[in-house]
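Trainee: Going down the list, the sequences are from chains U and S.
3 is the number of the first residue of the first sequence in my numbering; add one for each residue after it.
270 is the number of the first residue of the second sequence in my numbering; add one for each residue after it.
Think of the hints as simulated: they come from the structure by calculation, not from any bench.
Since we're looking at a predicted model, the values are computed, not measured.
What you were told as hints is all true, and nothing was included just to trick you.
Straight-line C-alpha distance at most 27 Å; calculated BS3-like pairs for lysine-lysine: (1) K257(U) - K202(U); (2) K392(S) - K477(S); (3) K631(S) - K282(U); (4) K202(U) - K171(U); (5) K13(U) - K315(S); (6) K301(S) - K13(U); (7) K315(S) - K68(U); (8) K430(S) - K202(U); (9) K529(S) - K477(S); (10) K68(U) - K301(S); (11) K362(S) - K392(S); (12) K315(S) - K301(S); (13) K251(U) - K631(S).
Short, incomplete list of chain U residues facing chain S, as computed with Cβ under 10 Å: (14) R198; (15) A208; (16) E266; (17) D272; (18) Q321.
Think of the CB as a built atom: it goes at the ideal place given N, C-alpha and C, for glycine as much as any other residue.
Each chain is listed here by its residues.
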Amino acid sequence: MFEGLRARLQKIQGTLEENIAKTASPADTAPQDPAVSGTGPEERDPSLLSRVRVLITDREFFISEKDVEEPLFELEMILLENDVALPVTEEIIQRVRADLTGRRRKIGESVEGIVVSALRGAILGVLGQGFDLLTYVRDHEKPVKILFTGVNGTGKTTTVAKVASYLKKNGCTVVIGAGDTFRAGALEQIDVHAGRLGIKVIQHQAGADPSAVLFDTVQYAEAHRIDAVLADTAGRFHNRANLMNQLEKIRRVMKPDLIVYVDEAVAGNDAVVRAHEFEKTVGADAVVLTKADMDQKGGAAISIAHTIGKPVMFLGVGQGYDDIIPFAPTRVVDELLGVSA
Amino acid sequence: MLDRLGTSLKDALKKLAGKTVVDRAAVEELVKDLQRALIQADVNVKLVMQLSQAIKTRSLEEQPPKGMTVREHVLRIVYQELVNLVGSAGEVKLEPQVILMAGLQGSGKTTTTAKLARYFQRKGMRVGVICADTFRPGAFEQLHTLCSRIHVSCFGDPKEKDALRIVREGLPAMSGNEVVIIDTQGRHALEAELIQEIIDIQKIASAKHRWLVIDAALGQQAADQARRFHEAITIDGVIITKMDGTAKGGGALSAVAETKAGIVFIGSGETSDDLERFEPDGFISRLLGMGDLKALVERAEETMAGQEVDVNAMLRGKFSLRDMYQQLEAVNRMGPLKQIMSMLPLGNMEIPQDAYDVTSTKMQRYRIIMDSMTSTELDDPSVMGSSRIHRIAIGAGASPEEVRELLRYYKMMKKALKGVRGGQGKFNMQRMMKKFGGM
Numbered sequence: 003m004f005e006g007l008r009a010r011l012q013k014i015q016g017t018l019e020e021n022i023a024k025t026a027s028p029a030d031t032a033p034q035d036p037a038v039s040g041t042g043p044e045e046r047d048p049s050l051l052s053r054v055r056v057l058i059t060d061r062e063f064f065i066s067e068k069d070v071e072e073p074l075f076e077l078e079m080i081l082l083e084n085d086v087a088l089p090v091t092e093e094i095i096q097r098v099r100a101d102l103t104g105r106r107r108k109i110g111e112s113v114e115g116i117v118v119s120a121l122r123g124a125i126l127g128v129l130g131q132g133f134d135l136l137t138y139v140r141d142h143e144k145p146v147k148i149l150f151t152g153v154n155g156t157g158k159t160t161t162v163a164k165v166a167s168y169l170k171k172n173g174c175t176v177v178i179g180a181g182d183t184f185r186a187g188a189l190e191q192i193d194v195h196a197g198r199l200g201i202k203v204i205q206h207q208a209g210a211d212p213s214a215v216l217f218d219t220v221q222y223a224e225a226h227r228i229d230a231v232l233a234d235t236a237g238r239f240h241n242r243a244n245l246m247n248q249l250e251k252i253r254r255v256m257k258p259d260l261i262v263y264v265d266e267a268v269a270g271n272d273a274v275v276r277a278h279e280f281e282k283t284v285g286a287d288a289v290v291l292t293k294a295d296m297d298q299k300g301g302a303a304i305s306i307a308h309t310i311g312k313p314v315m316f317l318g319v320g321q322g323y324d325d326i327i328p329f330a331p332t333r334v335v336d337e338l339l340g341v342s343a
Numbered sequence: 270m271l272d273r274l275g276t277s278l279k280d281a282l283k284k285l286a287g288k289t290v291v292d293r294a295a296v297e298e299l300v301k302d303l304q305r306a307l308i309q310a311d312v313n314v315k316l317v318m319q320l321s322q323a324i325k326t327r328s329l330e331e332q333p334p335k336g337m338t339v340r341e342h343v344l345r346i347v348y349q350e351l352v353n354l355v356g357s358a359g360e361v362k363l364e365p366q367v368i369l370m371a372g373l374q375g376s377g378k379t380t381t382t383a384k385l386a387r388y389f390q391r392k393g394m395r396v397g398v399i400c401a402d403t404f405r406p407g408a409f410e411q412l413h414t415l416c417s418r419i420h421v422s423c424f425g426d427p428k429e430k431d432a433l434r435i436v437r438e439g440l441p442a443m444s445g446n447e448v449v450i451i452d453t454q455g456r457h458a459l460e461a462e463l464i465q466e467i468i469d470i471q472k473i474a475s476a477k478h479r480w481l482v483i484d485a486a487l488g489q490q491a492a493d494q495a496r497r498f499h500e501a502i503t504i505d506g507v508i509i510t511k512m513d514g515t516a517k518g519g520g521a522l523s524a525v526a527e528t529k530a531g532i533v534f535i536g537s538g539e540t541s542d543d544l545e546r547f548e549p550d551g552f553i554s555r556l557l558g559m560g561d562l563k564a565l566v567e568r569a570e571e572t573m574a575g576q577e578v579d580v581n582a583m584l585r586g587k588f589s590l591r592d593m594y595q596q597l598e599a600v601n602r603m604g605p606l607k608q609i610m611s612m613l614p615l616g617n618m619e620i621p622q623d624a625y626d627v628t629s630t631k632m633q634r635y636r637i638i639m640d641s642m643t644s645t646e647l648d649d650p651s652v653m654g655s656s657r658i659h660r661i662a663i664g665a666g667a668s669p670e671e672v673r674e675l676l677r678y679y680k681m682m683k684k685a686l687k688g689v690r691g692g693q694g695k696f697n698m699q700r701m702m703k704k705f706g707g708m
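Work out the full structure, taking the sequences as your base and the hints as a guide.
Mentor: Here's what the structure looks like:
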């Protein structure tokens with residue numbers, strides 16, 4: 003993933019640099035001017051005066067808003083095309099603009115450095131921090147109860163299986179609660195996953211109250227001193243009051259330590275709407291973005307992480323149990339901008 | 270459903286309606302707002318640019334026909350270009366056919382397969398389903414459960430790992446049916462092996478239709494994904510799923526543009542009946558905040574005898590408790606109230622959110638309470654006094670407070686429906702423009 007966005011971002015970096023470097027060249031010739039032009043032009047245009055003064059005294063010059071306007075518009079289009087939601091795009095642009103314009107640049111300073119640090123700062127700012135599940139599980143009182151939520155078809159059950167496998171590989175004991183009692187075939191699905199991974203599943207029959215199932219799962223974990231409880235739930239739309247109430251009840255009954263919101267990286271602008279609704283009704287402590295392998299762009303990752311304001315914990319990148327990678331924002335951004343970390 | 274896109278578009282058009290003369294600046298402002306609205310709805314950025322360019326040149330260059338104001342002229346162009354963007358509905362014939370379902374993981378192929386089976390079954394066809402998803406655990410159980418609920422035969426083997434073999438064996442086994450639907454595993458454009466698999470399935474099945482299932486929330490990715498599927502098996506129909514969420518389905522339009530195939534169905538709910546035929550006119554109308562009466566009528570005819578909900582009486586503002594009772598009765602079969610309301614031509618009217626928040630259990634309670642009312646009370650709720658309320662409460666085993674709550678709900682609905690006049694029947698351009706003009 004992210005390859006498409008990376009290529010385009012690196013290109014825009016080039017354009018920005020070019021434009022800024024361009025403003026540098028006429029300014030370079032400026033030092034000889036003041037003596038010739040005298041006071042005339044300086045009175046008409048005070049900004050020129052200050053600009054020249056800065057140039058002479060500090061050997062620096064300003065980057066004006068005009069210099070970056072066009073490449074910034076281009077950057078905006080690129081971000082939009084890469085599924086970064088509109089408000090998030092606007093914020094990134096805002097940050098880059100604020101960071102670049104009116105800034106003094108020392109003549110010797112590299113243009114690239116300025117541009118990269120502005121972009122990096124802006125994207126890192128919206129991406130937020132990562133989340134290290136292993137440390138959390140190790141440091142937290144056992145059992146750690148993790149509840150997975152999200153809309154239909156984003157890959158909650160698959161993610162539960164992947165996280166279970168990840169934790170097991172790293173030496174934690176795990177039990178899964180089959181909280182999706184609604185969708186046909188959901189119980190069979192989680193059963194097969196757990197069977198393959200050799201992990202215990204607590205389940206009732208189809209149509210049972212998910213709160214009861216998950217409560218039993220927690221009881222089981224306490225009795226058997228298991229490290230982590232992974233609670234799967236049925237997919238639900240955020241505009242269904244009844245289903246959201248059910249989720250609220252699940253939260254009351256099982257008292258999860260971590261609520262993980264699962265969404266797909268290919269979702270468009272709606273990702274923001276629903277992430278916000280889930281955050282509002284049941285809360286979310288961390289995010290898992292699935293199907294990241296479908297998308298070379300990865301813009302939705304940026305949007306969702308920013309909207310929830312919660313750290314992205316994992317990226318799902320395939321159909322195997324090992325296709326899950328812990329998300330590290332700095333690494334992603336460095337990769338995007340082509341900075342060797 | 271799609272109401273957000275509708276609102277932003279309406280805002281954009283409203284701005285234009287406020288102008289006295291349509292000049293370049295006004296058109297440009299409108300186009301800019303349109304762009305934002307469509308991009309927010311996940312419509313492909315390039316498509317949006319093309320659309321806005323076309324609207325701009327046509328509005329400024331074409332002479333408005335006689336009798337049409339400049340403003341109406343621009344609105345007409347916007348509408349025509351939007352119709353172009355949405356495309357026409359894909360054809361669905363009631364004849365013996367094999368349908369191959371394709372799509373990304375988690376887009377809703379299996380659920381939609383069951384919905385389609387139900388659709389053809391309701392139209393009186395014999396339907397059979399083949400489960401060629403050999404990868405996802407529980408896929409066969411899911412499809413099998415859904416099919417047995419609607420009494421449709423389902424072929425598959427959860428132990429078999431070879432999807433091609435299942436299709437090869439399944440087709441003769443299902444040959445007694447007129448319509449055979451093949452559900453497949455989710456796959457995406459970058460998985461070369463799986464793309465090859467679906468090409469091979471198509472070789473064996475030589476399905477008459479290859480339908481691509483697209484999640485309404487899918488973003489800019491839709492174009493690339495659709496292109497790859499189209500290259501592999503030539504998609505000839507698109508189904509948009511999960512339209513009951515807040516996603517606007519703009520991604521599906523990219524798929525339409527990529528494949529040149531029409532949208533055939535829209536899925537909007539979790540039960541097997543939540544599938545509608547796609548109507549481009551209605552889609553646009555809803556987009557612009559005009560209700561789509563046609564879809565409602567079509568659905569009403571199928572699910573019930575035809576006269577249960579008197580739409581016209583409701584539109585005339587005559588809405589008695591009896592109408593509400595019929596409406597509640599129909600709700601179970603027709604889907605949630607909001608879905609029905611969104612199909613009525615309510616124009617730009619806003620219905621208070623509270624009106625929708627009545628849960629289905631409450632609906633049930635309301636019906637029981639209304640069963641205890643006399644005909645007079647149902648026809649003319651204004652006669653209701655505290656002694657009548659008391660009697661009804663006892664008769665229905667409810668508290669008087671509940672009866673009052675029901676009456677409050679009725680008043681709210683009546684108020685909402687009142688004032689909805691005009692806009693009857695089919696989409697009427699002239700009237701719509703008047704409406705915009707009046708804003």
